[in-house]
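Peer 1: Could you put the whole structure together from the sequences, leaning on the hints where they help?
Listed below, chain by chain, are the residues.
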Amino acid sequence: MKKMKKTSKNSTKKNLELLVLTLPAIIAYFIFNYIPMFGAIIAFKDYKAPKGILGSAWNGLENFKFFFTSQDAWRITRNTVGYALIFIVVNLVAGVFVALLLYEVRSRRALKFYQTSMMLPRFLSWVIVGYITYTLLSPTMGIFNQVIEMFGGQPVNWYSEVSAWPWILIITNTWKVIGLNSIMYYAALMGIDKAYFEAAEIDGANRFQQIIHISLPSIKPLMIVLTLLAFGNIFRGDFGLFYVIPRDVGVLYPATDIIDTYVYRGLRTGNLGITAAVGLFQSLVGFVMIVTMNGIVRKVEPDSALF
Amino acid sequence: MSVVKKKRITYRTWINLYFIIMSITFILPFLLIVSASLTNEDILAKEGFKIIPPFIDWTGYKFVFSNVGEILRAYAVTTFQAFFGTFLSVLVMTLCAYPLSRKDFKFRKPITFFVFFTMLFNGGLIPTYLLNYKYLHLGNTIWIYILPTLCSAFYIIIFRTFFQGLPISLVESAKLDGASEIRIFFQIILPLSKPVLATVALLTLLTKWNDWYTSLIYITDSNLYTLQFLLKRILQEVEFLRFMANNTPPGIDLSYLEDMPVETLKFAMCIIAAGPMLLVFPFFQKYFAKGLTVGSVKG
Amino acid sequence: MKNFKKGISVLLAVVFILSITLMGCKSSDTKTDSGSKDSGTTAKKDEDVKVLKIFLGGDEKEKQEEVFAAANEMLKTKLPGVQMDIEVIPYGNWTERWKLLTAAGDQMDIAWIGWMLNFDTISREEMLTPLEDLIDKNCPEIKDVIPQFVFDKATVDGHVYAVPNYQQMVEMRRGIRLYKHLADEYVDVAALEKQFTKDLTFDQDDWDALEVYFKKAKENGTLQKGPSPSISWLCRNGYEAIANQNTPTYVKIGDESCTVINKFKTPQYKAMIHTMADWYEKGYIREDVLAVESFDKPRADEFVKDGNISWVHETLKDQDKKDTKRAKDAGNDVEITVVPTTDFQYLAPYGTATNLAIPFTAKYPDEAIKLINLLNTDKEFYNLMVYGLEGKNYEKIDENTIKITDKDSYGLANWATGNTLLGYEIEGGVKGWSTYLDEMHREAKQSYLMGFKVDTEPYSTTLQQLDTIIKEYQNALEFGALGSNVDEKYEEFLDKLDKAGIDKVIEGFQKQIDEFLASKK
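Protein chains in written order, with our numbering: chain P, 1 to 307; chain E, 308 to 606; chain U, 607 to 1127.
Keep in mind that the hints were calculated from the coordinates and are not lab data.
A portion of the hints provided could be inaccurate.
Claimed, not checked - Here are the simulated DSSO-like cross-link-like pairs (lysine-lysine), alpha carbons at most 30 Å apart as the crow flies: (1) K501/E - K176/P; (2) K1095/U - K831/U; (3) K220/P - K501/E; (4) K220/P - K176/P; (5) K705/U - K969/U; (6) K800/U - K821/U; (7) K682/U - K743/U; (8) K682/U - K51/P; (9) K413/E - K13/P; (10) K194/P - K410/E; (11) K9/P - K416/E; (12) K416/E - K13/P; (13) K413/E - K9/P; (14) K413/E - K299/P; (15) K176/P - K593/E; (16) K858/U - K1117/U; (17) K928/U - K969/U; (18) K48/P - K413/E.
Peer 2: This is the structure we're talking about:
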């Protein structure tokens, strides 16, 4: 009896202490995130500044019509989701691959050098990256075309070749985020107890087997979490990538136009109600996706589920 | 033995070769940017990017620094909000992530959901602005850079994942010794999480350092502009003047615009903004290097 | 671990102290935030003094507080009881700031409304105060200086919502630039002008007449980069854009019934794209025109050495001389001759790119309109606001001409601040420019729809879709690069426009126009 009482007292104390630790974050979230969330009702209103948020008239689902009844709804959705899925897969594979390889590098100096160089793109804004891609792809003076000509080929007008752009965008995006991705996985790899590797080596496992059986499983939780979180943004795209890099060239829209760029172009007048509606819709879809995927993860790998 | 050694060497050589090639794809563009920032405007327009500029032309940089006081102030503001903001952020986030990593925490599920929900849903620009500016009066103060973005659900979940990976035995043994949760947090969890702390701190720092949007929305006092915002302003000014020159309004003498470094300015600005961060990076990088692993776990 | 903690704390402490120190060193010249009171820009604590919050467009300059203080001094005699608190917002930030300022309901007595804000929309959303009554009550004399059509341009649904800054407002009177020495040899310039101006539109026979210039140039090896893509604009002659330059609909100039038509279906558009395609095949247009010209600098080769030998732009007084000078400055030593293609200037009904308005959050609208009046009628005040202080920012050369000596410490764009015709002339500029502009505007032809603004809101989705389609096809069609494939693509393009609902838009606009015309009677 006494023992049980002690345990429950301890557990209350423990829970209270832990709760206190989370308080600063909870308060911050409540004030800065949850209170403004009420403003999301703009999505259902015909918002006019002089009337304010509360004073503006309700207009139901009118704002959502802009997106759904547009001729391009299918195309931009397909592009947005398509790229999002491809990025999830590519980022995962590339990030893990590079992290694993990095882990093999012995020289501390070399490691520093490689990691620093991989992080360089992070310092460049999409606008600057846009200059770099333009230097490569410019039809007249671009480096790609110069090389092609050197080999006797016909220069390509990249900015009207729609089919080239999925590749261009995927490669550019990977180039920009690989540093970040791989460093995250690398940090996870660093948490592995060296003893495991030593034991495995003694048992005769080669490096490859060690990677498969030790490294990978250790970073599995992180892989799952990052992928899961990425699903939350499946209806969103990186505006900078899709707007700046293709230079908003109309001809390329079939391959480069996503929800975010479409809305931006259409709403330069700033109809806030519609912008809010689209944003809300994007969030909703992402939410449903994560909850669904999380449910699946919970069945297969319960420890890694988000909640 | 020697055959195995040889195999080891080739395999390592391949890896290093791979990385060297990869590094070139990152460094080369960056070098081009540096070079472009030091190239004369006209030459850049005519001949495009080169690795080495024909001669070093500091015009872009001189132009940005022409008002030194302004730039230094912006550096100061940015430094303070980025570093202090990161420090506070990481502190609050890890404090929150630790309990969430404990499976025996009663409120684990609801709080995780509470945090995660904000990742997807937010009120949007106007409601957030009204709250921060009108009701909390954070506009035109340094705190606007730090408080609203104190927590990122993404990073909290990352921290949680890492903390979950630490052996529960550590916590249990500390508890047996009578340690409070907060002591466990500071004395056991944090020290073992240096890699992830460094990673998130670095990423947060980078984001805050590059922030210009907050200045755009909330700041009208030029003493509180961030570096990136100030640089963008300068660029806008110059680009606009360039635009005006091409559409010459009648009767205005715009010959002074011929010396204006528009393109080189963009690149100089990029380097000026990125520069300090590059210097900071090695400091964090040492936490990514191998050797700082969990040696003390056993026993 | 201890070292780590220590290191971090030391670093943070150093950084902290450094930044606080630097932040603390405020130089006395920097702009203070709009909330704080600074003796330069704001009034004494008098109850009677009304402080207007003013938002102008431009760049923040170092010494602007000084100039604003001087302006406030001047107000004590010109507009007693009124003082200004001015914030200058860079053009690139206006869209965001406007959204936020209006959302928060902050006091704004005067705001500059530029091209980045949709004037029609914000008027209809009641973000701006109607001005007709305010003007009649407080400053009717402004109508003596600013002509009626200027107010028409800011009229939406019967109310005047802003005072546009009077500057050059006519539509582009297109003039074809030719290299004089080539033109004199290859064509009869006077005859060309007669040909072009004989009717309102630019048709196939006009293109044929122009072609001779390029044909001969090619034969003689003087083609250089041929015609600039701006040549394609000639198809717009004789038409007026409805509802504004971004919508795909036109009305024919001089058509009293104001029938709305699809801009891309006009015979002139057809003629233009066929000509361009034909010229492309003949080699007058450079092969890579689509590649180079479509981006940042589509007209980069105008004026420059070895660049285009022909392009199109506006035609104003002394245009030949101006363009020749500009070419010379660009290193191209040729004389340019400009052949006008219409012999009149035209005023369209849509809004202008720069206006001063009184937002709905104004606290002192009567005083605000009086201040706007000053900026439009008072030479002394206007020039102080635009150019700054005599002796410091500029030197006076004679009564009406100045030379700018210090542009870095102060300067606002004359077209963003008020009536540009009040401005001093700049040394080296064209003499008598203001008088010329005024005359030109009063003589210009006006649209039948003056004072009317089409409401595009109900069609915004369709318009957006049309815009996407247009962006996909426009350059290819208009730069000639399609060559013999032009017909196919053209049909495709028109078809897509139809499918997207362009006819609904035309119907809708027509209805509004018919209503307006009926009400005018």
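Peer 1: The structure should be examined with respect to each hint, and the outcome stated for every one.
Peer 2: Status of the hints after comparison with the structure:
1. For the given pair, K501/E sits about 25 Å from K176/P by alpha-carbon distance, which is consistent with the 30 Å threshold.
2. Taken as a hint, the K1095/U and K831/U pair is honoured in the structure, with Cα atoms around 25 Å apart against an allowance of 30 Å.
3. Between K220/P and K501/E the CA atoms are separated by roughly 20 Å; this keeps the pair inside 30 Å, and the hint holds.
4. Of the supplied pair hints, the one linking K220/P and K176/P holds, its CA atoms being roughly 23 Å apart against a limit of 30 Å.
5. Restraint check: the Cα-Cα separation between K705/U and K969/U comes to about 19 Å, which is no more than 30 Å; the hinted pair holds.
6. Proposed proximity of K800/U and K821/U is supported: the alpha carbons are some 20 Å apart, at most 30 Å.
7. Annotation: proposed proximity of K682/U to K743/U holds, straight-line Cα distance about 21 Å (limit 30 Å).
8. For a cut-off of 30 Å, the pair hint linking K682/U to K51/P is broken: about 36 Å separates their Cα positions.
9. For a cut-off of 30 Å, the pair hint linking K413/E to K13/P stands: about 11 Å separates their Cα positions.
10. A C-alpha spacing of about 26 Å is found between K194/P and K410/E, which places the hinted pair at or below 30 Å, so the restraint holds.
11. A C-alpha spacing of about 21 Å is found between K9/P and K416/E, which places the hinted pair at or below 30 Å, so the restraint holds.
12. Of the pairs offered as hints, the one joining K416/E and K13/P holds, with about 18 Å between alpha carbons and a cut-off of 30 Å not exceeded.
13. Among the hinted pairs, K413/E with K9/P is consistent with the structure: their alpha-carbon atoms are about 13 Å apart, no more than 30 Å.
14. Note on K413/E and K299/P: the hinted pairing holds, with a Cα-Cα distance of about 21 Å set against a maximum of 30 Å.
15. Taking the CA atoms of K176/P and K593/E, the gap is near 22 Å; set against the 30 Å cutoff, the hint holds.
16. Proximity of K858/U to K1117/U is assessed by CA-CA distance (about 16 Å); at most 30 Å being required, the pair is judged to hold.
17. This hinted pair does not check out: K928/U and K969/U have alpha carbons roughly 46 Å apart, beyond 30 Å.
18. The straight-line distance between the Cα atoms of K48/P and K413/E is roughly 45 Å, outside the 30 Å bound, and the hint therefore fails.
Checked against the numbered hints given earlier, this structure breaks hints 8, 17 and 18; the rest are met.
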